[in-house]
Amino acid sequence: MNEHKLSNYFYILPIVALILFLFMYPVAYAIYISFTNFSLYHFFKYSLVGFQNYVLVLTSHTFLHILGNTALWTVGSLVPMMALGYLMALVLNQKDIRGKRLFFTLMLFPWAFPAYISLLVWLGMWNYEYGVVNKIIGLIHLAPINWLTYPDTAWIALILTNVWLSFPYYTAIFLSSLQSIPTELYEAAEVDGASMWQKFGRITLPMMKTSISFVGISGFIFTWNNFYPIYLLTGGGPGESTNILIVYAYQEAFAYNLYDIAAAYSTISTIILAIMAIIMLKITHVLEVVS
Amino acid sequence: MIRQKVNPKYLILKLIRLAISYALLIIVAAFAVFPIYYIIITSLSPIPTLASVSLKSLIPTTVTLEAYNGILFHEPFLLWLRNSLILASGTVAISVIVAFVSGLGLSRLNISMKKVLIITIYVMTFFPFTVTVIPLYLMFSTLHLVNTYYGLIIAYSGGNSVFGAYLVKIFLDNIPRDYEEAAMIDGLSRFGAFTRILLPMSKPIIAFVSLLSFMGAYTDYALANVFISSGNMWTLTLGMYYLAITNRSTLYNVFAAFSVLMGIPIFIIFIVFQKYLTKVYSLSGTK
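First to last, the sequence lines map onto chains A and B.
Just so you know, UniProt numbering puts 230 at position 230 of the first sequence, and the rest follows in order with no gaps.
Just so you know, UniProt numbering puts 254 at position 254 of the second sequence, and the rest follows in order with no gaps.
By construction, these hints were calculated from the structure, which means they are not laboratory data.
Honestly, I wouldn't trust all of these hints.
Derived lysine to aspartate or glutamate pairs resembling DMTMM-like cross-links, with alpha carbons at most 25 Å apart [unchecked claim]:
id: 1; chain 1: B; residue 1: K56; chain 2: A; residue 2: E129
id: 2; chain 1: B; residue 1: K14; chain 2: A; residue 2: E184
id: 3; chain 1: B; residue 1: K14; chain 2: A; residue 2: D96
From a predicted model like this one, the values you see are computed outputs, not experimental measurements.
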């Protein structure tokens, strides 16, 4: 019997090895690096420097600025993409809409096409001189805009691109949870003479609370760490005005070889994100409901 | 007689609701489709640079495959494609095997690690890849795995296998144990029952894990950029970055043809299996 039990662990040996080798050890190593002066200048001989990197990062204006950007990026893209996704799910869920399947498939296009490629396509579309976005706004006689070179318009471009990339995901998820609400509830409400808004407020929203919170929290974590849109479209520019923590950490490490600062940035970013995720999970009680 | 009772006010409200709904559907669908349409049309046109893209060219009058000729035979596209496919298929192979075996263990066997593993997987999603990429690079350079296919395949397989194992476990939890127990009574060993009975039943989730890990490797730029230094190891994403950003003199229709060749196969798979894929995605909470 004991032997039998031991053999059970052979099944999970590979996964445990992968977690230790590719996740636990690197994370520990990264935290260690964040306490050293490991950079291009001290590549072969680096030493522990205590909290020096953390002090340096946490007292710098750059950090606060980039943290603010990360919050703006996360909330600023999550709210419109979830709202649009939800709205389209409600529209598609109406009984008397024709061609649902077709509209739904068309809306899945941004999700179906690899995001990396779409982002480079969008980069061409936002181009000042030749981009198709400026040509379209030219139709209503607006002057062309140098989208990616001013902070305000760069944010608009980034968030619009990100909404395009992700809203289909939310439409699909919300549509499937809308369809799982029992129709008897609505029928009963109709008998009682409830209006469309009452049905929405009293049945639809409460029934979807858990699904919205769960998807919202996962989306928050995903968007906070979403690297490619900003890296490819603006590279964090102009200056650092659209840079976020993850892109900044990557650039510090691989453009400037400041591995110590990059490790400190990544660690701080993870801690902040984990704290926020835990608070959100506690407030919404999502985990208790899901598990 | 009863029908006549319908209040004309409700009829008007209904018409307004439907009009708004269709307007929204058409606008949002156009927004969703436009960039993909635009890049396909551009790839089929003789447009030499981005400068000559005009709104008129959105409705093609002449169709040419010149750009495809350009990307396939005048750029190292096929070499990049080969590299990307080697990396992606290696990643799929490792991830699927590890995910299935560990998913089996977690779902069917008495292992005291289940909860720990599930929490680990959730916590792993908090960590940006920038945390692990520097240590991995250093580890792999001491192991001489930098600039090799193996190094990247191992790096890609990590997250995919772990997440895949979790998906396989959820999937297997929904299959009653009676199936493999019956097979074991008929004389199959436990491992035999797993591979002969549960493996064929797991086809859908294995296909999903394959797609996820394929996509992860096939569209990765950030790790490839760090781990690859020699030109003949370049992947499609590195080549595309070079053509779109570093080398601005690239013909725009050639870039468009690149996007289409690299993206459309994935796109078609997704659209064909959309019903199934959206279901699994919504269960797993990933994008």
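Hint check:
1. Distance hint between K56 of chain B and E129 of chain A is fulfilled; the C-alpha atoms sit about 16 Å from each other, no more than 25 Å.
2. The straight-line distance between the Cα atoms of K14 of chain B and E184 of chain A is roughly 21 Å, inside the 25 Å bound, and the hint therefore holds.
3. With a CA separation close to 10 Å, the supplied pair K14 of chain B and D96 of chain A stays within the 25 Å bound.
Going down the numbered hints, you'll see the structure goes against none, and every one checks out.
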